[in-house]
Each structure stands twice: as C-alpha cells, then as structure tokens.
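S.K.: Sequence:
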Amino acid sequence: MPVQSRHPPGLSHSILMLRRRNTAGPSGHPSNDPILDDQEQEELIETLRQSNERTNLLYVRLVQLIVSMAILLQLTFLVNTRRHFTPLSTIFPSSSPRPLIPLPSFWTFLSIVYHLRDIVLLNPNPVFHMHPLVYSRHMWAIVLVSPCISIALRKDLVQSAWWCLPALLSILPAAVRFWIVNSQKEIDTLDGLKYRVKGA
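Residue 99 in our numbering sits at position 99 of the sequence shown; the count goes up by one each step and never skips.
The set of hints was computed from the structure by calculation and includes no laboratory data. Relax, there's no trap hidden among the hints.
Across the chosen pairs, the derived CB separations fall in these ranges:
1) V181 / N80: 35 to 45 angstroms
2) T189 / R83: 44 to 54 angstroms
3) V145 / A175: 17 to 27 angstroms
4) E42 / N182: 17 to 27 angstroms
5) L153 / K185: 42 to 52 angstroms
6) V79 / Q184: 39 to 49 angstroms
Beta carbons: idealized from backbone N, C-alpha and C, even for Gly.
Start from the sequences and build out the full structure, keeping to the hints where you can.
M.R.: Put into structure tokens, the structure is as follows:
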C-alpha cells in the first residue's frame, strides 16, 4: 500500500528529480527528468521556497484566528461574575449539570495565557525576546490540570469537555510548527542536492 507524502506534491517531485540526477552518475541510465542548469535550479528552489512560505503563513494565520476566537470565548466566561455553567452548557445543556470546578477563573486565566503563548510562538517574525521557559514542552501541563480536576470530581460531560478544549486546541499550533520545521528541512535538502548535482 503506497505511503502518502506529508509534503506538497511539487516539493516532493522536485526533491525526487534532483535525487535521481544526483545518484545517476555520468554513465547512469537515461532519465525522462529534465536536466536543469545552475540558474534553473536556483529558480526552482526559490519558487518552491516562496510557495512554502506562503503555505506556512496561511496555516499560521488560520490557526491564530481559531486560537483567538477561543481566547475571546474564555474571556467572556472569565468576566461573567455570575457564571454557574460553562459556555458549552448553554449550547449543549446537560441533563445533570454539576457546579463548576474549584478556582474556575484561575484555570481559565492560565488557558488564556497558554493560548497567547501559542499565538506568539506561531509568529514568523517575533518582535521581542521571550524567556526560554516559554518554549518548554512541559508548558502543555498547564492546560491539563483543569480537565483532570473535572474528571476526578466527576463533573458532567459538558463541563469536562469545556476544560478539555484548551488542551485539544493546543494540538493545532504544535502541528503547524511541526509542519513548518519539516517543510523548511525539505527545502534545505533540495538546496543541498543542487550543489551535489553541480559537481557531477
């Protein structure tokens, strides 16, 4: 069963084409792939690099928009001094609602801080330096505490789902950062193959 590539078709094809040219050698078998001169290789890599940057920026802006909407929803919940239920409870009423977990404002504030961190880390051009702790993978534990409390106290399903949302939503920025790093590595790989082809 063929394995689907995680990279854009144009990028994968270009890497495969240059790899074939790089490994064929002077007496290699004839190939249907076009032979690119130095300038054509430069133009190909630059085109792919620009296309990759546009795609990455689109993903970043989309995820930042989703996370921002989540922050607005949490701020609405945070400033509601008469809250007794989560915003999800108004959309999906529970047949047996339970009181909120202890310190709901505190856990909501931590979730907002974590989401702001995700938005900043996705910024391709950060405007200020951040403490190394902000980049720590262990920061994810911040959004795991409240759902664990809700489940341990056997709160209703809708409330537990509300407290689980920040943890689930944090997967999106992590996935985008993983995609960006790997796509940039593929561009660098393609650039390295270009120089080996030149020396053939």
